[in-house]
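Using the hints provided, position chain B relative to the given structure of chain A.
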Amino acid sequence: MSTYTLTYFNGRGRGELTRLILVSAAVQFEDVRVTWPDDWPGTAQADSPLGQLPYLTIDGIKITQSLAIARLVAKRFNLAGSDDLEQAKTDAVVDTITDLQNAFYLVAFKDEPDALIAKFIAEDANTHLERIEKIVTLYGTEGYSVGSSLKWSDLHLFDITSTFLALDVNILDKYPRIQAVRRTVESNDKIQAYLKDRPETSF
Amino acid sequence: MGCGSSNPQNVVEPSKQPVPTENTENLPKAISTRSVRSTKSQNAAASRTSLKQSVENVNPTSSSNLLFKKSLRQSSPNNFKLNYFDLTGRGELIRLVFAAGNINYEDNRVKFEQWPELKELMPLGQLPTLQVNDEFVLVQSLSIARFVAKEAGLAGRDSVEMAKVDAVLETCKDFFDLFAQQVGPQLRNATDEKEEIVRDFLNNVAPSNLQKLQQLVEQYGSEGFSVGEQLTVADLFIHDIITNLIFLDAFILDSYPLLKQNRNATESNDSLRSYLEQRKQLNRRRS
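The listed protein sequences correspond, in order, to chains A and B. Positions 1 to 203 (UniProt numbering) are the ones given, in order, by the first sequence. Positions 1 to 287 (UniProt numbering) are the ones given, in order, by the second sequence.
Read the hints as simulated data drawn from the structure, not as lab findings. The C-beta atom is built at its ideal place from N, Cα and C for all residues, glycine as well. Some clues are possibly wrong.
What the hints assert, rightly or not - Below, a list of computed lysine to any residue pairs in the SDA-like style, where the Cα atoms sit at most 20 Å apart:
| no. | chain 1 | residue 1 | chain 2 | residue 2 |
| --- | --- | --- | --- | --- |
| 1 | A | K134 | B | D249 |
| 2 | A | K134 | B | K280 |
| 3 | B | K280 | B | Q230 |
| 4 | A | K110 | A | Q52 |
| 5 | A | K110 | B | Q181 |
| 6 | A | K75 | B | G153 |
| 7 | B | K280 | B | A265 |
| 8 | A | K75 | A | Y144 |
| 9 | A | K110 | B | D177 |
| 10 | B | K119 | A | Q52 |
Said to hold, decoys possible - These stretches of chain B come out as covered by chain A in the derived footprint (C-beta under 8 Å, 3 or more residues):
| no. | segment |
| --- | --- |
| 11 | 84–97 |
| 12 | 167–178 |
| 13 | 248–256 |
Said to hold, decoys possible - Ranges of calculated distance between the beta carbons of each label pair, as one might list FRET restraints:
| no. | chain 1 | residue 1 | chain 2 | residue 2 | range |
| --- | --- | --- | --- | --- | --- |
| 14 | A | D197 | B | S255 | 45 to 53 Å |
| 15 | B | T243 | A | E130 | 42 to 50 Å |
| 16 | A | K196 | B | S255 | 45 to 53 Å |
| 17 | B | P116 | A | Y105 | 26 to 34 Å |
| 18 | B | L248 | A | F109 | 27 to 35 Å |
| 19 | B | E223 | A | W36 | 34 to 42 Å |
| 20 | B | P257 | A | L165 | 48 to 56 Å |
Excised from the complex, chain A in its bound form (with noise of 0.2 Å):
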């Protein structure tokens, strides 16, 4: 049995797609959160591989890159695809998601986001929507973004399109393929568990 260490800030961000994983795979792991400015930079900066959060430590080796962490849990845990045309029909939908995602970053964490905000989310955030909706029929079926069976990129759908939810309720209407990914992660037992029981972070 290995042991899983993820470390990472207090919030989703890039860590969340990790501990969606492993919570639903029921996978025991210790969820270190790094806070700023006690832990950060600092000692948790230099402990990790790169000067960079999320790194996971599995038996002693520390993996860094997000990415990285994630598709490793999820192939140990069956939730990356049978086989290697499926894991890379997944890796895909995971990157097209990953690059909404990128894009959002570089307007959200600027210093006076809000304004650059309503504009990506008026302007950009719909390109990238409709290309995962179109990635996710071509490759899934409904309620599966790939194949017809949980996977990693159904987690990684849900988590970064929560966000954009959140910025505008109506911002998925026109995507019926992406809400059913979203209603079937919704009505997992084990994540509705941890969603009702994770904290109220700021990003």
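Leaving out everything else, chain B in the frame of chain A:
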């Protein structure tokens, strides 16, 4: 339509290799393209009707045959067609994986005139894409590279090694995205600001990112490789990025001894080295 020409129009010099993002709006005008098809995939091609005929590929000319030496070709159960522009950009990593893995594939280099029509047929209106067995089209450059790396045995030998490979790939992607955003536009259409932008990138952006790569090579790899003791796709992405940087500063690796050692280790792969040699010759012929 879509025929390769034996007298390529030379517009892009090697030193001005454009690095487009996956949304290709600002592209250089005319550029020579060649569609290369390995002889092995011709039988499969006869039954390939899933794409419109506007993206026809011609048989390889004698010069492009050099890219696929019959004697070295490895057979693979899957059938691959890579669609990308006739550039390095976000497609070259995939080509490097095919080369180092010595795997058959059709290297469809899309001409810009073909692109508006082909764009409609691509799932996300972007390139690169990989057609697999005429069954489906895979999108997203990094996912494609990882998939082909698995086919080639270049993805890492167990789950932890694969995770380390992914960590290096993601760190490379972070760096590549910055390069594409900041320097890319200047490589396509140089303005007066080009020199300043390049200098700013080399002085203020590149060092920390190269340091990160060096750190990972140190932590995750041995024998010169970035992960484990043998070649993986992680080494190939590092190689690709450094190639782009060397165009801007030929001596950039002098300050990064581990990365220099890594580049040498990577180039010890025979089929990769022969691909790189061909690429150099093709670039020379274009200029």
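List in ascending order the numbers of the hints, as given earlier, that are violated by the structure. Hints 1, 2, 3, 10, 11, 13, 15 contradicted; others consistent.
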